[in-house]
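So the chains spell out like this:
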Amino acid sequence: MASVVLHDVAKRYGDNPPVITGINLEIQEREFMVLVGPSGCGKSTLLRMVAGLEEITSGTIEIGGRVVNDVPPKDRDIAMVFQSYALYPHMNVRENLEFGLKIRGTPAAEIDRMVNDAAKILGLEGLLERRPKDLSGGQRQRVALGRAIVREPSVFLFDEPLSNLDAKLRVQMRAEIKKLQHRLQVTSIYVTHDQVEAMTMGNRIALLDKGKLQQVGAPLDVYETPQNVFVANFIGTPPMNFIRATVTEGGAGLGANGIKLPAPAAARGALASRVGKTVLVGVRPENVVAPGRPTRGATAALQLTVDLVETLGDEVVVHAHQGEDQIAFKMDPHHPPEFGGKVSALVEIDRLHLFDADTQQRIAV
Amino acid sequence: MPRSRISEEFPHGPLHAMLAVAVLVTIYPVLWVFSIAFSGKQSLAIADLPPTPTAGDRLRAVVPWPEKLSVSNFTSVMSDQPFARWMLNSALVAIFTTLLGVFLACTAAYAFSRFKFPGRRVGMMAFLVSQMFPGTLMLIPLYIIIVQLLGLGSSRIGLIIVYATTSIPFSVWMLKGYFDTIPKELEEAAVIEGASAGKIFWRIVLPLAKPAVAITALFSFMTAWNEFILAATFMDKENMYTAPVGLRFFVGGFSQQWGYFAAGSIIVSIPVVLLFLYLQKYLVSGLTAGGVKG
Chain A
75 MASVVLHDVA KRYGDNPPVI TGINLEIQER EFMVLVGPSG CGKSTLLRMV AGLEEITSGT
135 IEIGGRVVND VPPKDRDIAM VFQSYALYPH MNVRENLEFG LKIRGTPAAE IDRMVNDAAK
195 ILGLEGLLER RPKDLSGGQR QRVALGRAIV REPSVFLFDE PLSNLDAKLR VQMRAEIKKL
255 QHRLQVTSIY VTHDQVEAMT MGNRIALLDK GKLQQVGAPL DVYETPQNVF VANFIGTPPM
315 NFIRATVTEG GAGLGANGIK LPAPAAARGA LASRVGKTVL VGVRPENVVA PGRPTRGATA
375 ALQLTVDLVE TLGDEVVVHA HQGEDQIAFK MDPHHPPEFG GKVSALVEID RLHLFDADTQ
435 QRIAV
Chain B
113 MPRSRISEEF PHGPLHAMLA VAVLVTIYPV LWVFSIAFSG KQSLAIADLP PTPTAGDRLR
173 AVVPWPEKLS VSNFTSVMSD QPFARWMLNS ALVAIFTTLL GVFLACTAAY AFSRFKFPGR
233 RVGMMAFLVS QMFPGTLMLI PLYIIIVQLL GLGSSRIGLI IVYATTSIPF SVWMLKGYFD
293 TIPKELEEAA VIEGASAGKI FWRIVLPLAK PAVAITALFS FMTAWNEFIL AATFMDKENM
353 YTAPVGLRFF VGGFSQQWGY FAAGSIIVSI PVVLLFLYLQ KYLVSGLTAG GVKG
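Read top to bottom, the protein sequences are chains A and B.
If you read the first sequence in this note's numbering, its first letter stands for residue 75, the second for the next number, and so on.
If you read the second sequence in this note's numbering, its first letter stands for residue 113, the second for the next number, and so on.
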């Protein structure tokens, strides 16, 4: 197993502005690291640079302590799973699994053993003689995984491997990949645009936007302490509510067009120097509590007008507003409010997230 | 299923009659060739008209059916005439043209499809432009190069070189179009698994491009098999004639052996027809391959 270290990695095509700038990231041995971000953020390019399919404009990439900038992909001891699976259509499953081993001159007996082991791990034993076109999406995905694990590489690279599957299969394969990685203990880098996949699968997640690393951390840390507005907005469904507010009362109050909130006690010191300035107040939907549900810590009451109710089954998501400020939160599905009706809710003040309106960065408390 | 507009607006009877006439017009010359070939005679006419022909006689004279069926034209064209030898020349030239042309076109098209190099666009455009000139324009330069400079007149190798070269532009365009549709991820996956560029080409790309390769091969073969003008110019010696040149020999200035000509034409068509039948499953997918990703 090997660690992967990216040091000041940048990528630029010709004279265009760089698509990736100054990425510093250390992926430890056996770690499952998820690179997540919106499309076009550079996450796939970054993965392809680790694979050696794209050249690095500047910086270094180390795999297992060795700088691999000029090492061809085949000598990096990696395996990659592609979004489109990239199975060879003219070969059956066994031939697909064997291809890399044969190319590398592995002895026939060894190939047999390795292919059978991989097939067994992934439940492909009955499918070895079939062509990719005769397989379902999930089975193809499994063959693609098989092709990655059969060579026993020291790093797995996944490039949005589940985005071609239907929702149900995606959840199932998500668990399978996670279990597989846990069992094989291979360092993995997984690229996805789906924040749920990132949260559920990663030991740590790295968020990218516009070619820059925004935050790296354990899923829960990132969720609870987003370092900037982008991260706060990207992680979590429904996304965090943002209220543009002015700091008042010497840092003790947050006034907005429609909503007035007391500032969290812990943040008053930090806000004291910002009186009269604008901040973004972030509220997770679960910290807006419907009447009758338990709350934690200090609260402030909201009187909201309902715009939209989305039924999810176990709960409903209510989109409402007070003044010009939009708030989404969750309620009991059996007593949903009416469209256009009034509903009251309590905001848990100690769980507010505060961001500088200009820099978009979290205000440290 | 909705009825097509044609069937709504146009009565079927006249439509069928019109199509039947069109079919008749199309196959009439072919039937004529068949009837001459099987007539056992060398005359263009199928029936001899009496001095005062009746309407029936006249009708009989234009119906392409011989008075007496005979295969003598076929047997003597193959045994008494050097036609078998000419067929062999044609076969060798066509087969080696196909092998050489397809090999060069495949490798060139792959490079054009996948690698970035100076002259890539210009090269493709040059191939396209070269197709816009009539072939006879090249007759004299090619004669000078092949016969006078290389000394390959009346040689199969000379013809093979010329045919392979002239078929390459079309073949490269055809194959490049297909290679472009083969997903790059397949090659990237192979790169990561450790395959060299050569292995990727032979073991991944070429097997996947089978339909396009088949079409290109068919095209190369047919071009070489049917070509007349260049072969007639380069091949002076009678024993080096290709089949199309040989056919012309039967109806030259002093001989009017239409029977041999017709029988020879049919024999010459057989390999191409068989090849078409064998490759037709690739034909549709091959010709549309560049347009839509399947």
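There could be a bad hint or two in this list.
[As the list claims (entries may be wrong)] Okay, derived cross-link-like pairs now, DSSO-like style, lysine-lysine, Cα gap no bigger than 27 Å in a straight line:
no.: 1; chain 1: A; residue 1: K176; chain 2: B; residue 2: K393
no.: 2; chain 1: B; residue 1: K393; chain 2: A; residue 2: K207
no.: 3; chain 1: A; residue 1: K242; chain 2: A; residue 2: K404
no.: 4; chain 1: A; residue 1: K148; chain 2: B; residue 2: K349
no.: 5; chain 1: A; residue 1: K176; chain 2: A; residue 2: K148
no.: 6; chain 1: A; residue 1: K416; chain 2: B; residue 2: K349
no.: 7; chain 1: A; residue 1: K242; chain 2: A; residue 2: K148
no.: 8; chain 1: B; residue 1: K311; chain 2: B; residue 2: K322
no.: 9; chain 1: B; residue 1: K296; chain 2: B; residue 2: K322
no.: 10; chain 1: B; residue 1: K311; chain 2: A; residue 2: K176
no.: 11; chain 1: B; residue 1: K322; chain 2: B; residue 2: K393
no.: 12; chain 1: A; residue 1: K284; chain 2: A; residue 2: K253
no.: 13; chain 1: A; residue 1: K253; chain 2: A; residue 2: K334
no.: 14; chain 1: A; residue 1: K148; chain 2: B; residue 2: K228
no.: 15; chain 1: B; residue 1: K228; chain 2: A; residue 2: K207
no.: 16; chain 1: B; residue 1: K296; chain 2: A; residue 2: K284
no.: 17; chain 1: B; residue 1: K311; chain 2: A; residue 2: K207
no.: 18; chain 1: A; residue 1: K253; chain 2: A; residue 2: K194
no.: 19; chain 1: A; residue 1: K148; chain 2: B; residue 2: K393
no.: 20; chain 1: A; residue 1: K284; chain 2: A; residue 2: K194
no.: 21; chain 1: A; residue 1: K207; chain 2: A; residue 2: K176
no.: 22; chain 1: B; residue 1: K322; chain 2: A; residue 2: K207
[As the list claims (entries may be wrong)] Not close to chain B: a few residues of chain A, all C-beta gaps over 10 Å, as computed:
no.: 23; residue: M154
no.: 24; residue: F156
no.: 25; residue: G174
no.: 26; residue: I177
no.: 27; residue: R178
no.: 28; residue: L335
no.: 29; residue: V349
no.: 30; residue: V391
no.: 31; residue: D432
no.: 32; residue: T433
Source of the hints: derived by calculation from the structure; they are not laboratory data.
C-beta atoms are modelled at their ideal positions from N, C-alpha and C, and glycine is treated no differently.
Checked hints:
{"no.": "1", "hint": "K176/A with K393/B", "in the structure": "violated (32 Å)"}
{"no.": "2", "hint": "K393/B with K207/A", "in the structure": "holds (19 Å)"}
{"no.": "3", "hint": "K242/A with K404/A", "in the structure": "holds (24 Å)"}
{"no.": "4", "hint": "K148/A with K349/B", "in the structure": "violated (57 Å)"}
{"no.": "5", "hint": "K176/A with K148/A", "in the structure": "holds (13 Å)"}
{"no.": "6", "hint": "K416/A with K349/B", "in the structure": "violated (103 Å)"}
{"no.": "7", "hint": "K242/A with K148/A", "in the structure": "violated (34 Å)"}
{"no.": "8", "hint": "K311/B with K322/B", "in the structure": "holds (16 Å)"}
{"no.": "9", "hint": "K296/B with K322/B", "in the structure": "holds (17 Å)"}
{"no.": "10", "hint": "K311/B with K176/A", "in the structure": "holds (11 Å)"}
{"no.": "11", "hint": "K322/B with K393/B", "in the structure": "holds (11 Å)"}
{"no.": "12", "hint": "K284/A with K253/A", "in the structure": "violated (32 Å)"}
{"no.": "13", "hint": "K253/A with K334/A", "in the structure": "violated (47 Å)"}
{"no.": "14", "hint": "K148/A with K228/B", "in the structure": "holds (22 Å)"}
{"no.": "15", "hint": "K228/B with K207/A", "in the structure": "violated (32 Å)"}
{"no.": "16", "hint": "K296/B with K284/A", "in the structure": "holds (25 Å)"}
{"no.": "17", "hint": "K311/B with K207/A", "in the structure": "holds (23 Å)"}
{"no.": "18", "hint": "K253/A with K194/A", "in the structure": "holds (15 Å)"}
{"no.": "19", "hint": "K148/A with K393/B", "in the structure": "violated (38 Å)"}
{"no.": "20", "hint": "K284/A with K194/A", "in the structure": "violated (41 Å)"}
{"no.": "21", "hint": "K207/A with K176/A", "in the structure": "holds (23 Å)"}
{"no.": "22", "hint": "K322/B with K207/A", "in the structure": "holds (17 Å)"}
{"no.": "23", "hint": "M154", "in the structure": "violated (5 Å)"}
{"no.": "24", "hint": "F156", "in the structure": "violated (5 Å)"}
{"no.": "25", "hint": "G174", "in the structure": "violated (3 Å)"}
{"no.": "26", "hint": "I177", "in the structure": "violated (5 Å)"}
{"no.": "27", "hint": "R178", "in the structure": "violated (5 Å)"}
{"no.": "28", "hint": "L335", "in the structure": "holds (50 Å)"}
{"no.": "29", "hint": "V349", "in the structure": "holds (56 Å)"}
{"no.": "30", "hint": "V391", "in the structure": "holds (37 Å)"}
{"no.": "31", "hint": "D432", "in the structure": "holds (42 Å)"}
{"no.": "32", "hint": "T433", "in the structure": "holds (39 Å)"}
Checked against the numbered hints above, the structure breaks hints 1, 4, 6, 7, 12, 13, 15, 19, 20, 23, 24, 25, 26, 27 and satisfies the rest.
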